[in-house]
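Residue strings, one per chain:
There are 2 protein chains.
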Amino acid sequence: MPSYHAPLKEMQFVLHDLLNLGNHYATLGYDDATPELVDAVLEEAAKFTESVIAPLNRVGDEQGCRFENGEVTTPQGFKEAYQQYVEAGWPTLAQPTEYGGQGLPYSLNLVCAEMQSAANHAFAMYPGLTHGAQATLMAHGDESLQARFMPKLVSGEWTGTMCLTEAHSGSDLGLLRTKAVPQADGSFRLSGSKIFISSGDHDLAENIVHIVIARIEGAPAGTKGISLFLVPKIQVEEDGALGAPNGVSCGSIEHKMGIHGNATCVINFDDATGYLLGEPNRGLSAMFTFMNAARVGVATEGVAAAEAAFQGALEYARERLQMRSLSGAKCPEKAADPIIVHPDVRRMLLTQKAIAEGGRAMVYEMATWVDITKSASADPAAKQRASDRLSLLTPIAKAFLTEMGFEATSLGVQVFGGHGYVAEWGMEQLMRDTKISCLYEGTTGIQALDLLARKVLGSRGALLESYCTELAQWWMTQSLPDALLPLRQSLLAHLQQWGELTQSIALRAQKNPDEIGAASVDYLMFAGYVVLAHQWLRMALVADSFKSHDPDLWQAKQVTAQFVFTRLLPKAASHALLAGQSCDSLMQLDSSQFRS
Amino acid sequence: MPSYHAPLKEMQFVLHDLLNLGNHYATLGYDDATPELVDAVLEEAAKFTESVIAPLNRVGDEQGCRFENGEVTTPQGFKEAYQQYVEAGWPTLAQPTEYGGQGLPYSLNLVCAEMQSAANHAFAMYPGLTHGAQATLMAHGDESLQARFMPKLVSGEWTGTMCLTEAHSGSDLGLLRTKAVPQADGSFRLSGSKIFISSGDHDLAENIVHIVIARIEGAPAGTKGISLFLVPKIQVEEDGALGAPNGVSCGSIEHKMGIHGNATCVINFDDATGYLLGEPNRGLSAMFTFMNAARVGVATEGVAAAEAAFQGALEYARERLQMRSLSGAKCPEKAADPIIVHPDVRRMLLTQKAIAEGGRAMVYEMATWVDITKSASADPAAKQRASDRLSLLTPIAKAFLTEMGFEATSLGVQVFGGHGYVAEWGMEQLMRDTKISCLYEGTTGIQALDLLARKVLGSRGALLESYCTELAQWWMTQSLPDALLPLRQSLLAHLQQWGELTQSIALRAQKNPDEIGAASVDYLMFAGYVVLAHQWLRMALVADSFKSHDPDLWQAKQVTAQFVFTRLLPKAASHALLAGQSCDSLMQLDSSQFRS
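Top line first, the protein sequences correspond to chains A and B. Here the first sequence stands for residues 1 to 596, numbered as in the working numbering. Here the second sequence stands for residues 1 to 596, numbered as in the working numbering.
Next comes chain A alone, as it looks inside the complex (with noise of 0.2 Å):
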């Protein structure tokens, strides 16, 4: 079972180096986060990570959640874990100081949150979708319901989720059926079934707040008739204080293929209470004020199961003897070489890093852009830049960094061999659980859709062509060292060829839309590599003035990223070839002819 161990070097590098996050900090007026508290929040969330989270990972698997009487049990020692997780203050590390948060802003916690999650993917999401909840209700509740119900979800007394998924209704929300009734009160009545719901029940919180998407009575069929409610477990009086159970239940949970210890759940709404969050059937674009933010949680998920995986391999890879080296016995006073040394060994590791601190770098400069859209302070051009920018690498981030991050922990099967088949090893488990996160929060799939068709062909190219734009007048400004200038050359005519590549399925768009849909996973996975690329070349330049004083760290750095564009970012060439293809091969058999 290999053990986490936050990386706080290299998370160090991304945040201070990298993003000089004390600035950009200071910029938004958060005097408070200055690098030297941000390196002991760090350092205290590693130590709590390491110490209490990341133990119960193993277990959480093995024992699962129990459903019981209409009870969900988390596994042993979850309950202790959260309480503790509670008292610490971790869930106020970013919320409103009105309501009891500490006010440190979303990039401090990302980081957090990595580091839960690369060490108990399960556990992560209690707190990972009580998140999501806030975010909603301090966007679209009213300052009452935010007075009764915030003061606890950011105490971490009571959790929250997102209910959005019916059994007929997944990727296509407009399908809902749930239905809510208004009362003379203002309040609502809400009636259906809701599957999928993480974290919908436990024993960690004394009440869970659900975020639901429902249709009012009367309102209009599809996704112009759906409308937000925010629907208490347990009812909350005016003042905050518990009151009568809401007609609210879990009604079975799902056996799944990982992340065992978190309960997913049916949730029944019986006439439950609920209240309407923003305007009635705005719903739909009420969910998408927090989806970006909840998007990037999740492809950090893939980063964080990257870096699981490449720690467990990487600590194996060193220590496992197995035959010599083509090159002749590296350590010929063993019986065999440790398995490092042979270059397909190493072209797995690499590729491990190479995601793990690429993504990071990729999440955390989002995680930046999260922030300014957040602030009151940020001035209106910056906030609209940032919110351009995280609509475009959202659905990239999203889908590219979890399939990544999902083939970084299968690599880490491959490093182990057999062993890494078997559980006490602990690689299959970051497999099983990491694969969630190419399918929740939408599948990579919709992703491809959100990006090629919402985003880049529906600003007609606009928010691509800034992004790109703005990113090689940057590179062509920098002075680089001799060794990175064929990196940038590379890099400068990929950003080209992206540009090419969506006016040519653009053209094709014109005649058959079905092109769209044909070309999307191959044109985020290409947009994918060569944000990668982007990353690794700017943490070399970073790196290059370590020389002297980390000569490890600049030569690690300088490495991967030659790794990174001579054997990750040629496989974006692929993924243009495909996404270049005509649609025609995957529309011409009839639904009944795939199979005859």
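The reader is advised that the hints may include incorrect statements.
Chain B regions said to be covered by chain A (calculated; three or more residues, Cβ under 8 Å) [claimed, not checked]: (1) 78-88; (2) 248-257; (3) 327-338; (4) 349-356; (5) 559-567.
These aren't lab readings, by the way, just hints derived from the structure by calculation. Even for Gly, the Cβ is constructed at its ideal location relative to N, Cα and C.
Chain B: place on chain A using the hints.
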């Protein structure tokens, strides 16, 4: 839970139309194996698999094997099903008639094995391992040993295992420590501990015959001191009757990612009586004689997994209603269109179909080569050719088809969205079960080294050149419909590229042997895509004559071949790029620098 249906029509297309099996069997003197008999066997095998083996797939996963008081108990129903399997005579199908077998060809049994593996991977491994033990005994045991052990192995009353791995000795068999001490009567006493022994202990059969590699006392270190032994769980008298228990015990079973219904055992040998197979110290080369067939079997597991995932995903995609086609509603009378209208869902389904059907053509053709190598009547030149082709294609099929089979199951989960992650739908089990095929019988990395270092460069390119030349010449003599001409052109270009890529690696490897390991996996994947494309072009060509009498099959093969050449084969381009890179970025970091 998808119910498995043996794709008889597809199997028959490959066997009869593509491979002309009747002719092949007649040439080898299998006079009984007429096309009519083949069809009758397949139909019975399909019935048995669908009604007896498939229904135990889920329960096998849920219950797993139990280990109590030194005994392994298989999941509920496995014992009864295995009994039926034996009573129906399935184990005897391709076994020698002198020991009670039906003497039918290996290739026919492989088709049945594909069905079993697709229906229930864990169950199929029990007979699968028995075949490995039988083949080794027939190839290397003396007649008296064969007479003593074969009849009950053939009948299936006893099962077999292959005991290679030890805790410190996996890919590197030279490190093994199990020792064998010669006895006065010519037998040996074996002591040592083996791990990862599939079907190692269970309650299905009254005896288990272990094929064990061990080092005879005083033998040289490393691979030159490995000998092969037969070690029964219960001693067997000269007349074949069961005797006293042998010094063989199960120490524990592994908790693992999948194939829960098959016990993966630690098997301890304590002064256990064993019998030498073949020459002392020649055990490793003896192992190689059965490895090709065993690895073709594992490649078939990849095909089986792709087939099962395709069946499940196709059924779901035809029924699940979610969103409208971007090119206009296809089922306006329904609440939404079935998801098979979406191009990206079709991309996933066609990828699965291409792997299942193209992979099937690959492994069935290889099985005909195994038939030839096993035949007493085939002429030596034909045997040499078959052996050469197997030598080259086996690592490609084993690694490429298991990796692609795994990808097909992962796509199956994606087609189901969140439901794919839930156990009751069966898709996630397919993923977990088939991941083992990328690991056992040599990981993907080991297969890649076997291909590039041993088979291709080890023959100074001769095996490859002979294969590619034959393929290219054959294709040039074929008369193709116009639509397939560009595909042939593409295939021929790829065959040429394969040779050029090989030469460039060989040149670099002369300076630095690490170039081989660095290029190996991408080299193998490139080769896999090319061979898959070749099979699809052949299928499209053969199916061209179906246009009038079976237009659906004609259409399906033409369109899928176009899909393969435009949407799968382009991935070979990236692998060629990667295999063409120098190994520098892989080898420059010191082990300590991967993470400082």
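Hint by hint, here is what the structure shows:
For the segment 78-88 of chain B, the stated coverage by chain A is violated: 0 residues have a C-beta nearer than 8 Å to a C-beta of that chain, whereas at least 3 were required. Only when three residues or more bring their CB closer than 8 Å to a CB of chain A does the claim for the segment 248-257 of chain B stand; here the count is 4, and the claim holds. Closer than 8 Å: that is the beta-carbon criterion, and the segment 327-338 of chain B has 4 residues meeting it against chain A, so the requirement of 3 holds. Against chain A, the segment 349-356 of chain B contributes 3 residues with a C-beta closer than 8 Å to a partner C-beta. That satisfies the three-residue criterion, and the hint holds.
Counting residues of the segment 559-567 of chain B whose beta carbon lies closer than 8 Å to any beta carbon of chain A gives 6, which meets the minimum of three for the stated coverage.
Against the hints set out earlier in the document, a violation occurs for number 1 only.
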